[in-house]
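Chains A and B are the protein sequences, given in the same order. Residue numbering for the first sequence follows our numbering, beginning at 1 and increasing consecutively. Residue numbering for the second sequence follows our numbering, beginning at 1 and increasing consecutively.
Warning: the hint list may mix true and false statements.
As the list claims (entries may be wrong) - Label-pair distances were calculated between CB atoms; the ranges are:
#1 Gly1/A x His73/B: 27 to 35 Å
#2 Ser80/B x Thr10/A: 44 to 52 Å
#3 Lys105/A x Ser86/B: 32 to 40 Å
#4 Gly1/A x Asp71/B: 42 to 50 Å
As the list claims (entries may be wrong) - When the alpha-carbon atoms are kept at most 30 Å apart in a straight line, the in silico BS3-like pairs for lysine-lysine are as follows:
#5 Lys22/A x Lys57/B
#6 Lys57/B x Lys71/A
#7 Lys42/A x Lys58/A
#8 Lys71/A x Lys58/A
#9 Lys58/A x Lys9/B
#10 Lys57/A x Lys71/A
#11 Lys105/A x Lys22/A
#12 Lys57/A x Lys109/A
#13 Lys42/A x Lys109/A
#14 Lys9/B x Lys57/A
#15 Lys57/A x Lys105/A
#16 Lys22/A x Lys109/A
#17 Lys57/A x Lys68/A
#18 Lys109/A x Lys68/A
#19 Lys57/B x Lys109/A
#20 Lys71/A x Lys9/B
#21 Lys9/B x Lys68/A
#22 Lys71/A x Lys22/A
No lab work stands behind these hints: they were computed from the structure. Since the structure is predicted, the reported quantities are computational estimates derived from the model, not experimental observations. Glycine is no exception: its CB is placed at the ideal position from the N, C-alpha and C atoms.
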Amino acid sequence: GENVEQHPSTLSVQEGDSAVIKCTYSDSASNYFPWYKQELGKRPQLIIDIRSNVGEKKDQRIAVTLNKTAKHFSLHITETQPEDSAVYFCAASSNYQLIWGAGTKLIIKP
Amino acid sequence: DSGVTQTPKHLITATGQRVTLRCSPRSGDLSVYWYQQSLDQGLQFLIQYYNGEERAKGNILERFSAQQFPDLHSELNLSSLELGDSALYFCASSVLEGHNTGELFFGEGSRLTVL
């Protein structure tokens with residue numbers, strides 16, 4: 001079946017440094033790639049998404065890049081802050097559904 | 001506040017029992033999705049309804065069922081509960097029909113504990 005692999009499962013970075021989370025997908029027809037952030041004990045919330053006709057999208061300190069040929073997309077967070085600590089989920093559309101990655105726990109060290 | 005309301009927030013029950021989780025989507029949203037999240041696990045898609053009709057099915061057990069009512073609220077019924085059903089159950093809604101077309105708005109979740 002369709003699959004989305006997300007790496008790493010845990011990422012620890014120094015406050016102020018950048019963080020990069022990578023996802024690969026298997027369905028070449030996938031055309032929508034959202035990223036959700038879930039803080040501890042809270043609901044997932046969309047932080048950024050990208051469609052297949054765009055290679056990169058930025059929103060302040062957050063950016064997402066998409067490589068359709070290689071079938072992978074990445075989340076980039078610059079100048080990390082304590083409030084960036086959370087679990088991040090990527091997802092890819094497939095047959096009118098979203099296939100989710102397993103999540104990355106981002107830890108920001110002071 | 002996402003605008004999606006889930007009740008109850010917490011529920012403790014025993015194995016073999018049956019529970020019903022309720023979700024009210026955002027005003028105007030026609031799609032409702034149910035997800036299961038076990039402790040420190042990812043989001044497992046269970047089922048989607050659009051305007052009262054089942055649209056997509058994920059890894060939903062036969063012991064589980066759901067429906068969406070004419071007023072668009074949805075209920076997830078879990079029966080013959082097992083210890084492994086203990087999890088956080090999220091409801092999400094969106095205005096569009098497809099899972100792949102836009103933002104999902106999640107509720108705060110219903111935490112089910114099966115003893």
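Results for each hint:
Between Gly1/A and His73/B, the C-beta spacing of about 31 Å keeps the proposed range 27 to 35 Å intact. Taking the beta carbon of each, Ser80/B and Thr10/A are about 35 Å apart, not inside 44 to 52 Å as hinted. The supplied range of 32 to 40 Å is broken by Lys105/A and Ser86/B, whose beta-carbon atoms lie about 21 Å from each other. A hinted range of 42 to 50 Å is violated for the C-beta pair Gly1/A and Asp71/B, which are about 34 Å apart.
The hinted pair formed by Lys22/A and Lys57/B meets the criterion: a straight-line CA distance of about 27 Å does not exceed 30 Å. With a CA separation close to 25 Å, the supplied pair Lys57/B and Lys71/A stays within the 30 Å bound. Straight-line distance between C-alpha atoms of Lys42/A and Lys58/A comes to about 24 Å, which keeps the hinted pair within the 30 Å bound. Restraint check for Lys71/A and Lys58/A: satisfied, since their Cα atoms lie roughly 19 Å apart, inside the 30 Å limit.
In summary, the hint linking Lys58/A to Lys9/B is not supported, as the alpha carbons are separated by about 35 Å, beyond the 30 Å threshold. The suggested pairing of Lys57/A with Lys71/A holds, with an alpha-carbon distance near 16 Å, which does not exceed 30 Å. Between the alpha carbons of Lys105/A and Lys22/A the distance comes to roughly 13 Å, so the proposed pair stays at or under 30 Å and holds. Of the supplied pair hints, the one linking Lys57/A and Lys109/A holds, its CA atoms being roughly 27 Å apart against a limit of 30 Å.
At most 30 Å may separate the alpha-carbon atoms for a hinted pair to count; Lys42/A and Lys109/A meet this at roughly 21 Å. At most 30 Å may separate the alpha-carbon atoms for a hinted pair to count; Lys9/B and Lys57/A exceed this at roughly 36 Å. Taking the CA atoms of Lys57/A and Lys105/A, the gap is about 22 Å. The hint holds against a cut of 30 Å. Between Lys22/A and Lys109/A the CA atoms are separated by roughly 20 Å; this keeps the pair inside 30 Å, and the hint holds.
Annotation: proposed proximity of Lys57/A to Lys68/A holds, straight-line Cα distance about 14 Å (limit 30 Å). Distance hint between Lys109/A and Lys68/A is unfulfilled; the C-alpha atoms sit about 33 Å from each other, more than 30 Å. Using a Cα cut-off of 30 Å, the hinted pair Lys57/B and Lys109/A is violated, with the two alpha carbons roughly 40 Å apart. For the proposed pair Lys71/A and Lys9/B, the alpha carbon gap of about 38 Å is over 30 Å, so the pair is violated.
Distance hint between Lys9/B and Lys68/A is unfulfilled; the C-alpha atoms sit about 40 Å from each other, more than 30 Å. With a C-alpha separation of about 11 Å, the suggested pairing of Lys71/A with Lys22/A holds against the 30 Å cut-off.
The structure shown violates the earlier hints numbered 2, 3, 4, 9, 14, 18, 19, 20, 21.
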